[in-house]
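Engineer: Keeping their order, the protein sequence lines are chains P and H. If you use the working numbering, the first sequence closes out at 758, no skipped numbers anywhere. If you use the working numbering, the second sequence closes out at 1004, no skipped numbers anywhere.
It is possible that some hints are incorrect.
[As the list claims (entries may be wrong)] Label-pair distances were calculated between CB atoms; the ranges are: (1) 976/H with 128/P: 24 to 32 Å; (2) 61/P with 980/H: 42 to 50 Å; (3) 962/H with 45/P: 47 to 55 Å; (4) 126/P with 889/H: 58 to 66 Å.
Don't read these hints as lab results, they were simulated from the structure. Computed from a predicted structure; not experimentally measured. C-beta: ideal position from N, C-alpha, C; glycine also.
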Amino acid sequence: MTLVHFIPRPLGIARKFIGAIILFSTLLTLIASALQLYIDYTKDVRAIRQQLVAIETSHLPSLIDNLWKFDDQGIKSQLEGILALPMIESLRVERRDAADLFVGRNKGRHLITHTVPLSCTHREKTIPLGALHITACSDGAFERLKERGLVILATQFVLIFFVSAFIYVLFYYLIGRHLKAIVSHTAARNSTNLESQLSLQRIAGKAGEEDELDQMVTAINAMQSQISRDIAERKQAGDELKRSEDALKRQNSLLSSLLKILPIGVFMVEAPSGKLLVANDAAYRVLGRGILPDVSDQNLSEVYKAFKMGSRDPYPLEEMPLLLGMSGKTSHVDDMEIERPDGTKTLLEIFGSPVTDDQGQVWASVVSFIDITDRKGHEEERLKIEKLESLGVLAGGIAHDFNNILTGIIGNISFAQRFLDATHRSYKPLLEAEKASVRAGELAHQLLTFARGGAPVKKVISLRHIVSECVSLVLHGSNVKAATDIPDSIDAIEADEGQMSQVFHNIIINATQAMPGGGTLTVTAQNEMLDDSNTLSMPPGRYVRLTFTDQGCGIADNDLKRIFDPYFTTKLTGSGLGLASVNSIINRHGGHVGVSSIIGTGTTFTIHLPSIGESYSKYQTDTAAVTTGEHNGGTVLVMDDEAMIRDMISDMLACLGYQVTVSENGAEAVSLYQTALESGTPFSVVLMDLTIPGGMGGKEAAALILAIDPKARLIVSSGYSNDPIMSDYRTYGFCAAVAKPYNMKMLGQQLSAVLSQP
Amino acid sequence: MKRLLPLFVILSLVTPLYAGQTLVLSTADSPPLSTQDQNGFSDRVIREACKRLGVDVQIIPLSSARSLSNAEQSIDDGNFLRIKGVEKKFPHLVRVPEKIIDVQFVIFSKRKNMKTPDWKSLEPFHVGYVRGWQIAEDMIKNVRQVTVTENRTSLFKVLESDRIELAFAEFYGGYYLIKTLGLEDVTIAQPSLATREMFLYLNKKHEKLVPRLAAAIKEMKRDGSYDAIFKQTLAPYLPTKQQAKP
Chain P
1 MTLVHFIPRP LGIARKFIGA IILFSTLLTL IASALQLYID YTKDVRAIRQ QLVAIETSHL
61 PSLIDNLWKF DDQGIKSQLE GILALPMIES LRVERRDAAD LFVGRNKGRH LITHTVPLSC
121 THREKTIPLG ALHITACSDG AFERLKERGL VILATQFVLI FFVSAFIYVL FYYLIGRHLK
181 AIVSHTAARN STNLESQLSL QRIAGKAGEE DELDQMVTAI NAMQSQISRD IAERKQAGDE
241 LKRSEDALKR QNSLLSSLLK ILPIGVFMVE APSGKLLVAN DAAYRVLGRG ILPDVSDQNL
301 SEVYKAFKMG SRDPYPLEEM PLLLGMSGKT SHVDDMEIER PDGTKTLLEI FGSPVTDDQG
361 QVWASVVSFI DITDRKGHEE ERLKIEKLES LGVLAGGIAH DFNNILTGII GNISFAQRFL
421 DATHRSYKPL LEAEKASVRA GELAHQLLTF ARGGAPVKKV ISLRHIVSEC VSLVLHGSNV
481 KAATDIPDSI DAIEADEGQM SQVFHNIIIN ATQAMPGGGT LTVTAQNEML DDSNTLSMPP
541 GRYVRLTFTD QGCGIADNDL KRIFDPYFTT KLTGSGLGLA SVNSIINRHG GHVGVSSIIG
601 TGTTFTIHLP SIGESYSKYQ TDTAAVTTGE HNGGTVLVMD DEAMIRDMIS DMLACLGYQV
661 TVSENGAEAV SLYQTALESG TPFSVVLMDL TIPGGMGGKE AAALILAIDP KARLIVSSGY
721 SNDPIMSDYR TYGFCAAVAK PYNMKMLGQQ LSAVLSQP
Chain H
759 MKRLLPLFVI LSLVTPLYAG QTLVLSTADS PPLSTQDQNG FSDRVIREAC KRLGVDVQII
819 PLSSARSLSN AEQSIDDGNF LRIKGVEKKF PHLVRVPEKI IDVQFVIFSK RKNMKTPDWK
879 SLEPFHVGYV RGWQIAEDMI KNVRQVTVTE NRTSLFKVLE SDRIELAFAE FYGGYYLIKT
939 LGLEDVTIAQ PSLATREMFL YLNKKHEKLV PRLAAAIKEM KRDGSYDAIF KQTLAPYLPT
999 KQQAKP
């Protein structure tokens, strides 16, 4: 039976309180009762002792006398007299010179034995006779103690019971029911109903006189309010934390993704332990080997086979960015060459940096590195190209001036021929001079092509003529024989003659180099119609298909895939730009170049180029028909900075029946054109030089004239025959373009053609 | 004279050894054998014998058992008068072989001419004796009734008052009480029931004194001093015809 049987569990405090009171009261009762009983017992024992002392004083002399006289009867009488006293259980006389005497029997459980020595004075000496052992029984005292203890305990327990019951009722009324209400209230609270305040069914104390319960209610209500505020703040903080975590996750994901996709190798080691923390895929890829899990005590130069660029000297450890970063230094090197396990070498550019904590202590070192082998090559090539461009600019300038000069020469020769009979002695030398000048013009054109590159300056050309010329030129003096099969019916193409020459030139050179022991280069051409389903992914239409087949050593499959890549070469002295230029030029002309090869048999380059749909001979006939209809007469405004050219053109056009007005620059030409237009006699055509040093050129002047008169007929002329404006003159508002140098016939045909246009 | 010479020689040789010594002898005997003033028969015989050896004697009265116990434990130097055989129970005691006196155990009664040929003759009677007398406790059995008194005087008063018929007592002591108490009706029955030779016992530490003391007592008996003491101490209490010899 415990208190739980009487007091319900919810009133746990009351139960514990009552339990403690009962326990404490019982303990006190037991202690007090024990003390009281002990005192009583001590009194009883003292009474027994006093009785024993009394026996000693009252009975002992006669007992000793009887003992002295060996009067056993007397001794027994004495002992029986003592035995009759209360609490005496037994007596024993121990005698030195006779047998012991006993009286009585020990029946009690609690015995007290008292021994009295017995002696007698005889002849002034003390003679020991023995001892008297008196055994008293304290059972009576114990019985009395037991009865007294039971009475005390019974009364005390009854008292405790009633007092406890009273305290319980009092406790429940004053505290327990309110605690229960507080428990119910607090148990019902959650984050949504913290606004509901606690109140107890009791008379609240006046202000300043609140008791503990009032203070508790106030405290709980205050705590609820505080918790409500805290929850709101925590929720807000939680939301912010969630957002921060999400942002952090995104950032980590971003960083991981970045690290993963970065083409730059990155790895980070812990300082000073050297333990690897992070390494991305690019690091493995660039180095071509695994990253050391621990770089401490490792000779990084040996492990990664790092050398100074261009040498076999191990890269100095004191310049290693990773190690410099561990010592707190940032670094940047671009001269470390790594030899991969497969033997290939890689030039690295490395950025090293220490990673510090808030106190500025270095805790890691990070390096990023990239393979700059190609970039270095590109830089070198760019330097080469820049040099070539400089040379090209120079060559272009020379070609431009050269064309202007040639224009003067050719123009004047053709003008002079006009006044001579073919039988005249000067006619043939003039004709040869003109041919030489034309060839000089072609050389200038090649110079310009070399110098400018870029968009092809297209014109209708004969493939048969160009291919034959290139084959003849390249194979001249070599042990390679040409087998050319290009029918007359082959379609003409619209292309930059110079660039096409470069294409064929490069392919034929490669073929001769593939056949160092000699052989046959077979060149074929045929017209081909491609439909929508062609495997070359070319727009449908008419094409010319050219093939160059050698009998060389052939090209390996791996090399074949990269053969059009810039700077890829299998030759010791090759630049790697030849076939790249071929591919580039053909693509710029809307064509396609392919290659197939069989090791030991030979290689075939196949070129598709859009054709004009008719043969070159037919095209020439048509054009001639158009230009034969001469249209002489009209007013021409000539704009050129060269006085010699202005004079020569004036003479030629006057000869052809035109009225010529000249101007030195674009501004003057615009002014003259506006004046003529305003006067109602606009120029029939304007021939404009494209480049006017220090003045308005043809492009700007054409725009202004067309602004004044959209119907104006404008012809552009330039020594820069491969200028994009020359190849795409209509975009800039010109009706035609005439490249310098030109002769009187060519100029007359262009003027007639322009003036013939509606 | 020639026969006394060796005795004198012995005495003269031994005496110096015990000169000045005092023997403390205890006794439970009553008058007339031993008295408070140490002038009873036994007192005087022993003192005289010791005196002849140059040894002083102090006699102290004690109860019978106590006197034996003290002598055995050497609390006292010796004890008298005791029958033969005591040394068996008390091994530290040595008997002086020359007896002091013969003691007769007899019946006193008011009956005239009472005959007590043996112990059995007591059976028809109410017999009394003093507590502690071993011979009485051993021999007086199957009598009609027994009364044990604490002392001799009580016994004879009980007899005089007819509370008993026969009183078992020692011969000299009985006559001493009859005389001192004036008991004229009390007579002694004949013959005596037992006679015992009574001796002096010394603690063993005085063993060397024993033969000389025996010799001295013997000499007293021979030279008449013993008889003289008898006449002075015992004879006055005895009937006339009994006064000649102890």
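Engineer: Now tell me, hint by hint, if it's right for this structure.
Structural biologist: Each hint tested on the structure:
1. Distance hint check: the CB atoms of residue 976/H and residue 128/P are about 39 Å apart, inconsistent with the given range 24 to 32 Å.
2. Distance hint for residue 61/P and residue 980/H: a CB-CB separation of about 49 Å, consistent with the stated range 42 to 50 Å.
3. In this structure the hint that residue 962/H and residue 45/P lie 47 to 55 Å apart at CB holds, the actual value being about 49 Å.
4. Between residue 126/P and residue 889/H, the C-beta spacing of about 28 Å breaks the proposed range 58 to 66 Å.
Of the hints listed earlier, those the structure fails to meet are numbers 1 and 4, in rising order.
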